[in-house]
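S.K.: Below are the chains, spelled out letter by letter.
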Amino acid sequence: AQSVTQPDIHITVSEGASLELRCNYSYGATPYLFWYVQSPGQGLQLLLKYFSGDTLVQGIKGFEAEFKRSQSSFNLRKPSVHWSDAAEYFCAVGADSNYQLIWGAGTKLIIKP
Amino acid sequence: DTGVSQDPRHKITKRGQNVTFRCDPISEHNRLYWYRQTLGQGPEFLTYFQNEAQLEKSRLLSDRFSAERPKGSFSTLEIQRTEQGDSAMYLCASSLRQGNSPLHFGNGTRLTVT
Numbered sequence: 022a023q024s025v026t027q028p029d030i031h032i033t034v035s036e037g038a039s040l041e042l043r044c045n046y047s048y049g050a051t052p053y054l055f056w057y058v059q060s061p062g063q064g065l066q067l068l069l070k071y072f073s074g075d076t077l078v079q080g081i082k083g084f085e086a087e088f089k090r091s092q093s094s095f096n097l098r099k100p101s102v103h104w105s106d107a108a109e110y111f112c113a114v115g116a117d118s119n120y121q122l123i124w125g126a127g128t129k130l131i132i133k134p
Numbered sequence: 010d011t012g013v014s015q016d017p018r019h020k021i022t023k024r025g026q027n028v029t030f031r032c033d034p035i036s037e038h039n040r041l042y043w044y045r046q047t048l049g050q051g052p053e054f055l056t057y058f059q060n061e062a063q064l065e066k067s068r069l070l071s072d073r074f075s076a077e078r079p080k081g082s083f084s085t086l087e088i089q090r091t092e093q094g095d096s097a098m099y100l101c102a103s104s105l106r107q108g109n110s111p112l113h114f115g116n117g118t119r120l121t122v123t
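Those protein sequence lines, which keep their order, are chains F and Z. Throughout, the working numbering is defined as the position within the first sequence, counted from one, plus 21. Throughout, the working numbering is defined as the position within the second sequence, counted from one, plus 9.
These aren't lab readings, by the way, just hints derived from the structure by calculation. Remember, predicted model here, so these are calculated numbers, not experimental data. For glycine and all other residues, C-beta sits at the position ideal for the given N, C-alpha and C. Don't take each hint at face value.
[As the list claims (entries may be wrong)] No farther apart than 20 Å at their CA atoms in a straight line, the calculated lysine to any residue pairs in the SDA-like style are these: (1) Z:LYS66 - F:GLN121; (2) F:LYS70 - Z:SER110; (3) F:LYS70 - Z:LYS80.
[Stated by the list, open to error] Covered stretches of chain F, going by a simulated chain Z footprint (3 or more residues, C-beta under 8 Å): (4) 63 to 73; (5) 124 to 130.
Please work from the sequences and hints to get the whole structure.
M.R.: Given below as structure tokens:
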């Protein structure tokens, strides 16, 4: 079955520390992979996407993610978090049509001062 | 790019009432999507339009739900005879037609059914 797993419901990180949010997927074909961020009461904003090519992709706000086919993972990283990064982060996997995106349940990022 | 706008931001209604939400997509986007999101979950696909044609509907979209995009621009989502289980955030998104053009989301309409 196709699925996306974000193993961590919550993650707490100190401001200035590095961050890694995990995303694992189960998908029959070569997937298109996305990370979106959602601030409280807001819609979702695309951080970055992977379709093909270089497996390390750069996104907005200093985020990057690495596609590892052998591990079926697409983990999101940031070298130094800021208080404004506190939000919920969603990983999504798709094929050739956006309505078929499969979404993870999200990871809520909490930043300690 | 003025973004995707949704109206209203919040709606509180009593069970059994009808509600209608509006979504204005980014003007050059011909695809429009409706999603539902409950607390602690990712978005769940409801339906999508390419221009004015509704091309796909989820099984989540019961016969109490109807969506329209009459002129291929704005869209409305109506829920008839609301139930408490309809309480959720309703998100609209739009995209270009090509392949996996990324989704651009509005800020959502939060529905509370009392």
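S.K.: Taking the hints in turn, state whether each one holds.
M.R.: These are the hints, each one checked on the structure:
no.: 1; hint: Z:LYS66 - F:GLN121; verdict: holds (11 Å)
no.: 2; hint: F:LYS70 - Z:SER110; verdict: holds (10 Å)
no.: 3; hint: F:LYS70 - Z:LYS80; verdict: violated (31 Å)
no.: 4; hint: 63 to 73; verdict: holds (count 7)
no.: 5; hint: 124 to 130; verdict: holds (count 4)
Violated hint: 3 only; the structure is consistent with all others.
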